[in-house]
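J.: So the sequence lines, in the order shown, correspond to chains A and B.
Numbering follows the numbering used here, in which position 238 of the first sequence is assigned residue number 238; successive positions increment by one, without gaps.
Numbering follows the numbering used here, in which position 52 of the second sequence is assigned residue number 52; successive positions increment by one, without gaps.
Mixed in with the good hints there might be a few duds.
As the list claims (entries may be wrong) - The calculated BS3-like cross-link candidates involving lysine-lysine, where the alpha carbons are at most 30 Å apart (straight line), are:
(1) Lys103(A) <-> Lys81(A)
(2) Lys65(B) <-> Lys3(A)
(3) Lys81(A) <-> Lys3(A)
(4) Lys81(A) <-> Lys65(B)
Stated by the list, open to error - Pulled from the structure, derived: some chain A residues nowhere near chain B, Cβ distances all over 12 Å:
(5) Asp65
(6) Glu72
(7) Pro76
(8) Pro79
(9) Pro80
(10) Gly111
(11) Asp168
(12) Glu192
Stated by the list, open to error - Computed footprint of chain A on chain B; a stretch qualifies when at least three of its residues, placed anywhere within it, have a C-beta under 8 Å from a C-beta of chain A:
(13) 2-13
(14) 17-25
(15) 61-68
Hint data in this document are derived by calculation from the structure and do not stem from the laboratory.
Yeah, the Cβ is synthetic: ideal placement off N, Cα and C, and Gly gets one too.
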Amino acid sequence: MEKTLWLGTRKGLIGVRREPDGWEINGISFRGIPVPMFLPDRRDGRLHAAIEHGHFGTKMHVSVDGGATWEEESCPAYPPKPEGVPDTICPMSQHVIPWSLKKIWALESGGADEPGVLWCGTIPGGLFRSGDGGASWTLVEGLWNRPERSGWFGGGADWPGLHSILVDPRDSRRVLVAISCGGVWETVDGGENWELLGEGLIADFMPPESVGDRNIQDVHRLDWCRDDPDQVWAQHHCGIFRSRDGARTFERVERADPSDFGFAVAVHPTRTGTAWFVPAEIDDLRVPVGDAFCAMRTTDDGATFEALRNGLPQEHAYHLVYRHALAVSDDGGTLAFGTTTGSVWISEDAGDSWTRLSAELPPVYCVRFG
Amino acid sequence: MARVDFTPNLARQTAIASREVSAETVREALEALFREFPAARGYVLDDQGATRQHVAIFVDGEAVKDRIGLSDPLDENSVVFVMQALSGG
C-alpha cells in the first residue's frame, strides 16, 4: 500500500504519511506559496515542485532527501520569440496569446528506459522536455510551432493550457498530451512530430459546425490504464469519453450518474474498465449535485456508475475537485482527492468509503502518491 | 553611480543586495545586478526579459514607462527601486 501522499496547495506543499493509525499530515514545504504542480520521480526518488510566487513568477525546486530540503533548479522558459513570427491571437478573446511561461500545469517522468527525461506542460500551451533531470529544459517546438495552435484557446484559464502528459510504458517515445482547449496530441518519436487525435470528442458549447473539431476539444483530464495504454478515459468539458485505440477515436459515455461534468479522472492501473471521477452538477453550476458530495466509479467500462458517498458530506457541501487533485495508487486500492474548499479525503477500499484527512487546508491543486 | 534597491520580499526569496552601479538605463542597472546575482533575474523579469506582471520598478519615485525594454534613462544619482505590485490573496 502507498505510504506517502503529497498535496500541492494554494499555500504550500503538504506531505502526508500513512502511520499505523491512519494518514497524518507531517509537514509543509514552501509555506504560504502556491504549488500548482508536483512530481515524485519514482525512477530516482527525486521530488520536483513547481512553485508560483504571486509576484516573482514560477520557479522549480528539487529535493533529493524526500522533501526535507529543497534547491531551486532550472525553470522551463520560452525561447526568445523569433523575429518575424506573427503573434498568435486567441480566437475567442482576440487577445495576443503570450509567448511566455504563465503556469506549470503538468509534470511527468519519462520512461523507465530514459532516466533524466522529464516532461512539463504549461500555460500558454507549450510542452517542455528535460533530458537531464530538470537541470535544463527545451521547448518542444514540434508541437508549439504547429499551425493548429492558432485555433487553441483558454478553458478556465485565460490561455491554452497543457495539463495531461502520458508516456507510453511500452515505448517511451510515444507520448500523449491533452490541452484545454487544444485537443489531444500524440508523438511517436519523442516529440519531434505530432498528430492530432481525438476523433469523436464533442464540444457541445461550440457553434454546430465546430462541435467535432478535434483541435479545440476541451479535455479536462486524460488518463489511461497503465497496463493497457490503448484504453484511455477522458473527463471532458462535455462529458466522459472512452477510447480503445490509444485516443485515436472516442465514444461518449452516456450513463454517468449523478453527472458527467467534472475535471478529474483516474483509471485503474490494471483494470481497463474501472475509473473514478468526482462529478459536479453542470458546467455553469460547479457544485456537487444537490449539494451532496460524491465521487463516482465505474467498474464495467461505463455501462453503469456508482455514486461513492460513504464518508462524504451529503448536505450543504460545495466541494470541487480540480483536474490534478484526484490520485489512485499503483495497485488501484487507495485513492485520494483534495478540494477547492480545503478538504482532503482518502479511501483505502477503492472508493467504497472515505476518511477526511483535514477540512482546514488551502485550496488543493494537485494530489499525488509517491 | 545609480543605486538599485529591492523590496525585502525579494531578498527573502533569492540572494540579492542593494548595489551602486554605473548605468545609463534601467536595463543596464538591472543587468549589472544580475551579473552578480544571476538567480534573481527570473524573479524580476519574465522569460522574455520583460518586467514581470506583478513586479513594479520605480526610478526616483516614478514608475518606469518602458516595462518591456526597460529603456528609461538614469542619471548619476538615480535610485532604482524594484518592488512588488499587488497580486493575489
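J.: Evaluate each hint against the coordinates.
T.: Structure-based check of all given hints:
For the hint pairing Lys103(A) with Lys81(A), the CA-to-CA distance comes to about 18 Å; that is within 30 Å, so the pair holds. Restraint check for Lys65(B) and Lys3(A): the C-alpha separation of about 53 Å exceeds 30 Å, so the hint is violated. Proximity of Lys81(A) to Lys3(A) is assessed by CA-CA distance (about 45 Å); at most 30 Å being required, the pair is judged violated. The straight-line distance between the Cα atoms of Lys81(A) and Lys65(B) is roughly 22 Å, inside the 30 Å bound, and the hint therefore holds.
No Cβ of chain B comes within 12 Å of the Cβ of Asp65(A); the nearest lies about 21 Å off, and the non-interface call holds. Once the 12 Å rule is applied to beta carbons, Glu72(A) is inconsistent with being away from chain B; the minimum gap is 7 Å. A Cβ of chain B approaches the Cβ of Pro76(A) within 12 Å, the least distance being about 8 Å, so the stated non-interface status is violated. In this structure Pro79(A) is not separated from chain B by more than 12 Å, as the shortest Cβ-Cβ distance comes to only about 8 Å.
Not every CB of chain B is more than 12 Å from the CB of Pro80(A) (nearest about 7 Å), against its label as outside the interface. A cut-off of 12 Å between C-beta atoms confirms that Gly111(A) is not in contact with chain B; the least separation is 28 Å. Interface exclusion of Asp168(A) from chain B stands, the closest Cβ pair being 30 Å apart, more than 12 Å. No beta-carbon of chain B comes within 12 Å of the beta-carbon of Glu192(A); the shortest separation is about 23 Å.
Remark: the segment 2-13 of chain B is confirmed as covered by chain A, as 3 of its residues place a Cβ nearer than 8 Å to a Cβ of that chain, reaching the required three. Only residues whose beta carbon comes within less than 8 Å of a beta carbon in chain A count, and the segment 17-25 of chain B has 0; fewer than three means the coverage is violated. Counting residues of the segment 61-68 of chain B whose CB lies closer than 8 Å to any CB of chain A gives 0, so the stated coverage by that chain is violated, three being the minimum.
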